[in-house]
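*Asks:* Single-letter residue listing:
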Amino acid sequence: MPHSDSVLIETRHLTRTFGQGARQVRAVDDVSLCLRRGEIASVVGESGSGKSTLARLLLRLLQPTAGQILFEGVDVTGKSSLRELRQYWRKVQAVFQDPFSSFNQFLTVRKLLERVLGLETPSLDPEAREARVRWALEQVALNPDAILGKLSHEMSGGERQRVMIARALVVRPLVLVADEPTTMVDASSRASILNLLLDLRDEFGMTILFITHDVSLATYVSDTLFVMQHGRLVESGPVEKITESPEHPYTRQLFADAFSMSERG
Amino acid sequence: MSLLLEARHVTAGYVLEGTGPIETRPTIQAVADVSLELQEGDVLGIAGESGCGKSTLATILAGVVRPPLRVTAGEVWIAGQEVPLEGPAGAPSKGRQSADLLGRVVAMLPQGAMNALNPTLGVQDFVYDVLRSHIPEITRQEAVERAKERMERLGLPPRVLGAYPHQLSGGMKQRVVAVVSTLLNPDVLVADEPTSALDVTSQRMLLALLLNFLEQRIIRGIVFITHELPLLRYIARRVAVMYAGQLVEVGPTDRVLFTPSHPYTQALMHATIVLEKGTRRQRIKTVGGAPPELVTPPPGCRFHPRCPVAMPICSQAVPPTVPVGERHEAACWYVAGDPSGEAGAAGHAAQ
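Chains V and C, in that order, give the protein sequences.
For the first sequence, this note's numbering gives the first residue as 16, with consecutive numbering after it.
For the second sequence, this note's numbering gives the first residue as 151, with consecutive numbering after it.
It is possible that some hints are incorrect.
[Claimed, not checked] Derived DMTMM-like pairs (lysine to aspartate or glutamate); straight-line CA-CA distance at most 20 Å:
{"#": "1", "chain 1": "V", "residue 1": "K106", "chain 2": "V", "residue 2": "E259"}
{"#": "2", "chain 1": "C", "residue 1": "K435", "chain 2": "V", "residue 2": "D217"}
{"#": "3", "chain 1": "C", "residue 1": "K435", "chain 2": "V", "residue 2": "E135"}
{"#": "4", "chain 1": "C", "residue 1": "K435", "chain 2": "V", "residue 2": "E218"}
{"#": "5", "chain 1": "V", "residue 1": "K94", "chain 2": "V", "residue 2": "E54"}
{"#": "6", "chain 1": "V", "residue 1": "K165", "chain 2": "C", "residue 2": "E443"}
Hints in this document: simulated from the structure, not taken from any laboratory.
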């Protein structure tokens, strides 16, 4: 595949297995995909389809068994010293599903955000830190003065998830990997978090990989869809094309299974 | 139609740590004057967001009130029996009584029901443990036979009885626990967000199983609690919407969801993302602000600080519950005072 400037992350035959012999599971199986600059791409599939493993591979939290990850055209698969990883994490940040467990309950919002700034090289002076932290909170529509001193239990689930997104934004990454960020928040906060992802794309040209089992959410927020089943990428393409004429039977099933407002049991 | 479950003016709260008599300590007022009915053979949906009191209401309906939760007013009746809720004077726990009621009259299926399975026990040992606690004289073989027969009747593979929990998927575990919790044919099943940890395919299978319980007359009614409106549209015949401990709207599912009267129900519907809405490239409106804390809830209508049509009276007095259609009510000053609006028109139609 020729490398083009618009491609930010590319995977080639990316594979990750767990276990040995007959009990071996191919969690991610020969996945080749491209993530373009400034797009929101969604990975959809049922539980156990390999979505989160793919996210962890792209975040370099997990080494692949085989295959490559190219970032801005450079193979980063083998670059796994702490220094190289920290460089990578300056550019690729994550938000996870559970704002209750991914939040250090002993840290205030200020501490939590300042810690991430440790990834910056050269390091920032205190004033620049403060400005950056405030900027990040403002991007997620939180009032810095009201929230900087709070601990996790003093916030609602929706607020916590916004703080986690601000935490990711504070280093001004190129890519945000959001792994089921709305699963544990309420219906009304869910829409505002998705709207926030749309704003990040439109205002900063941020590239976002959104991972979800809910095709309704994926359809609302994304430009590109990747459909995974049993670790394999079974269908990918522009969201309009896939919603109009899904080709793979599994994609059709996913869309058929989504609950609509017009259906009765 | 006959009345299966009735809750009358239930008020309950979580008493916080403190000194002095229990009545004067700060309390999280999680459920405020809630009255509900469930008819025989029906599914009642309760919609609302985190912290609105819907899980608290579920534990009260299921008769499993434990400190620091305290019911200060109201009563719950299921199939002619009063569900014991600890009395206002902090009466001694009626533990024994509620054990008789639990499983036989009312059963509860919570979000993390699947975690009830013991990872070191096979599913059939779990079944035996559960049945033995209700029927001391039952033998292991009888218990397993009973579960096997029930699984076959519901179209689930009986072989899962021989499995360990880690060998089953999350969806299957949730269905197994649902089957086990209804082995004694309770009158009412209270399902509290039972699908929220499952993917859509497993969600569908669980909902189909619950409806199958009703069809096969294993249970006589379901209270289904969720914040997912599309799920309620699928399973519930009536929907009650809760906000900050108060019931804001109750009525037939389609009327509540498609012609909502209360501003909060309207906002919730606007924020719901579904495929067919054509929302692609069309930004969804969200409710501004956040739900209030409930130690000192806003006076009057608890939604008034976020309400787009709030009037001075909304912060002064609790709104009256007014009919807005056939068996359809909303608790809102705006709806009560505006006979020309959508809600008012519905009210006229009902008359």
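*Asks:* All hints, please: hold or fail.
*Replies:* So, going through the hints one by one against the coordinates:
Restraint check: the Cα-Cα separation between V:K106 and V:E259 comes to about 34 Å, which exceeds 20 Å; the hinted pair is violated. Of the supplied pair hints, the one linking C:K435 and V:D217 holds, its CA atoms being roughly 18 Å apart against a limit of 20 Å. Distance hint between C:K435 and V:E135 is unfulfilled; the C-alpha atoms sit about 36 Å from each other, more than 20 Å. As the CA atoms of C:K435 and V:E218 are separated by approximately 19 Å, the hinted pair is consistent with the 20 Å bound.
For the hint linking V:K94 to V:E54, the alpha-carbon distance of about 26 Å lies beyond 20 Å, and the restraint is violated. For the suggested pair V:K165 and C:E443, the alpha carbons sit about 15 Å apart, so the restraint of at most 20 Å is met.
Going through the hint list in order, the structure does not satisfy hints 1, 3 and 5.
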